[in-house]
Amino acid sequence: MTMEAAYQLEPGDEPMIGARGVVDRQGHTRRRRGFRNFSLRELDLVDSEPEASFDNLTWIITQILNVPVGLVSLVDRDLDRQFFKSQQGLAEPWASARQTRLTHSFCQQVEATGQILRVNDATRDPRVFANLAIPDLGVIAYLGVPIHDVNGKAIGAVCAIQGSPRDWTDEDVANLERIAVCVDELIELKAFMRTVSELNADQKTIRHAISHELKSPVCALRSLLNEIKLVAGDGQVDDLNKLIDLGQQTLDRMNTRFDGTTSFFDLKDQSWERGRVSLRNVVMDALYRLKFSIYRQQVLLQVKELPSVVGHHQPLTTLFRCLVANAIRYRSPDRRPEVAIGAKRSGRFVEVTVRDNGQGIHPNVGEKVFDAFSTGHALSSGSTTGLGLAMCRHVVREHGGEIDFVSKPGEGTEFSVKLLGYSP
Amino acid sequence: MSSEKRYTIMFVDDDEIDQLVYQRIVRRVDNVSESIHVTSAEDALDLLKSRPSFLPDVLFLDINMPCMSGLEFLDEVSQNKNMIKKFDSIAVVVLTTSIARADEQELQKFACVRRLESKPLTDESLELILTSMKRSG
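Chains as they are written, first to last, in the working numbering: chain A, 1 to 424; chain B, 425 to 561.
Hints are not guaranteed to be accurate.
Stated by the list, open to error - Examples of chain A residues toward chain B, derived with CB under 7 Å:
{"#": "1", "residue": "GLN99"}
{"#": "2", "residue": "THR103"}
{"#": "3", "residue": "HIS212"}
{"#": "4", "residue": "LYS215"}
{"#": "5", "residue": "SER216"}
{"#": "6", "residue": "CYS219"}
{"#": "7", "residue": "ALA220"}
{"#": "8", "residue": "ARG222"}
{"#": "9", "residue": "GLU227"}
As the list claims (entries may be wrong) - When the alpha-carbon atoms are kept at most 30 Å apart in a straight line, the in silico BS3-like pairs for lysine-lysine are as follows:
{"#": "10", "chain 1": "A", "residue 1": "LYS418", "chain 2": "A", "residue 2": "LYS304"}
{"#": "11", "chain 1": "B", "residue 1": "LYS533", "chain 2": "A", "residue 2": "LYS268"}
{"#": "12", "chain 1": "A", "residue 1": "LYS418", "chain 2": "A", "residue 2": "LYS291"}
{"#": "13", "chain 1": "B", "residue 1": "LYS533", "chain 2": "A", "residue 2": "LYS204"}
{"#": "14", "chain 1": "B", "residue 1": "LYS429", "chain 2": "B", "residue 2": "LYS509"}
{"#": "15", "chain 1": "A", "residue 1": "LYS418", "chain 2": "A", "residue 2": "LYS344"}
Source of the hints: derived by calculation from the structure; they are not laboratory data.
The C-beta atom is built at its ideal place from N, Cα and C for all residues, glycine as well.
Start from the sequences, fold in the hints, and give me the full structure.
Right, dumping it as structure tokens:
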């Protein structure tokens, strides 16, 4: 083999970046996920402990390519170094230091070009023969394949190294490319995990903002309106009073939404021990909490025999309280509200139904009724959180069950909840 | 009402609008003899420390305040011997826009905290609080 051929760049090695995502050399498309740019440190790729998932891959490199050294190297130009996220077979002090300066790095060329570097004999290869890795680390044969960040940019290499010349075969290259794809996917997984934890932190901030920062001006404004009303309240300014009342009602509604949103996320945060729960107790508890509106609206209640299910009392109470509250809230103006709660066994499951004779849900709404802030009714009507059924769906899913409804506008709605029945 | 006990009350809240409303409410409620309004927990501590004779019956405490929060104020109070003694006879009512579960548990540590009250404070709720103070002595 001539020297020319030994270090020829592989054509078409660079991953293709298209609109849909990154196409790797094996033709798999990795979708663009719209990650932000993470630094190596943010993804724990530098200055972090070794991890089994990376170490397993470098071990596989040494086994499959039959080389003494396998590396996952990240190129960190700001600090003039390459960091070994994983290394197998390096001698001391390199094995403990887990990094070298870039003067000692072949991998930096892979990172810079984004292409495979195939060096059969470093001492005779003009691209690398001055590299200090040759005298200091004893690198003679080197095969490196680029690894990428989530946006397809090369950030380092996986490489196989040995201390004597070697004619790398196309099969060697293909094997190492497969391992590089695994590393890319590990990096992507890290980006996912990082994104999830950032979103969680954001969500906590938003919840705090809702329950404090946004609520306090609402409370203050409500008190101010009250004071204005007292100043105005000499009987000659009915219009003004009416407007102030409306203003206060609006603020109350805002508060209800804020509270609903925070308690929705509080509920989602919780996890429950599941056990035997008496549905009868659950439903009675739920009805007790609604006693005032049941009394005020003169609701005709019918509760049939209810079995035990597998679950947790508190979230199930929230679920049925919400279903009954909705039945009362969206009652028909033409007749006395009726709510019937019953249950029947179906296999391992218990199907609980909550039936009302209310306004019904418009057929266009469909499944969307379970989405947050998408009630079948104008949100501005009455003081609802817009989250009740979203909360119900969450509780049912957490219980491994299903929730559904059938409705006839003008006649009523029946919600059915499938829960795992308790069998001793 | 006029023959009944009249209370000295103190409001610790950084929100100036809230404070303005408290002042107006207090003027309308007839069993308050004196109300003191301070806009930071630090000022409240200074006042309580520097005037040994100053002993409000009820202290309304906002939780969310910059610098020293209501919880930090209570921590500070419960670590100071003189203050502990003083707070034996001061009933603390915690005012807040919403009670986070964690805060609620935190607050249970403090014996002087008699009540959590959600904002906004109204004439009725202030009267109710003062009446219940009377019952519990």
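Hey, B:LYS533 versus A:LYS268, does the alpha-carbon distance stay inside 30 Å?
-> holds (27 Å)
Starting from A:LYS418, check that the Cα of A:LYS304 is at most 30 Å away, please.
-> With a Cα-Cα distance of about 16 Å, the restraint between A:LYS418 and A:LYS304 holds, given a limit of 30 Å.
Status of the A:CYS219 interface restraint (C-beta, 7 Å, chain B) = holds (4 Å)
When you check the alpha-carbon spacing of B:LYS533 and A:LYS204, does it fall within 30 Å?
-> Roughly 25 Å between the alpha carbons, so the hint for B:LYS533 and A:LYS204 holds.
Should the interface hint for A:ARG222 be scored as holding, given a Cβ-Cβ cut-off of 7 Å against chain B?
-> holds (5 Å)
Return the status of the interface hint for A:GLU227: holds when the least beta-carbon distance to chain B is below 7 Å, violated otherwise.
-> holds (6 Å)
Taking the least C-beta to C-beta distance, is A:SER216 closer than 7 Å to chain B?
-> With Cβ-Cβ at 5 Å, under 7 Å, it holds.
Keeping to a limit of 30 Å between CA atoms, is the pair of B:LYS429 and B:LYS509 held or broken?
-> Holds. B:LYS429 to B:LYS509 sits at ~23 Å (cutoff 30 Å).
Does the CB of A:GLN99 sit less than 7 Å away from some CB of chain B?
-> With Cβ-Cβ at 42 Å, over 7 Å, it is violated.
Do the numbers back the hint for A:THR103, that is, is its least Cβ distance to chain B under 7 Å?
-> violated (52 Å)
Verify the proposed pairing of A:LYS418 with A:LYS344, using a straight-line Cα cut of 30 Å.
-> At roughly 10 Å apart (the allowed maximum being 30 Å), A:LYS344 and A:LYS418 satisfy the hint.
Is A:LYS418 close enough to A:LYS291, meaning Cα to Cα at most 30 Å?
-> holds (25 Å)
Checked against the numbered hints above, the structure violates hints 1, 2; every other hint is satisfied.
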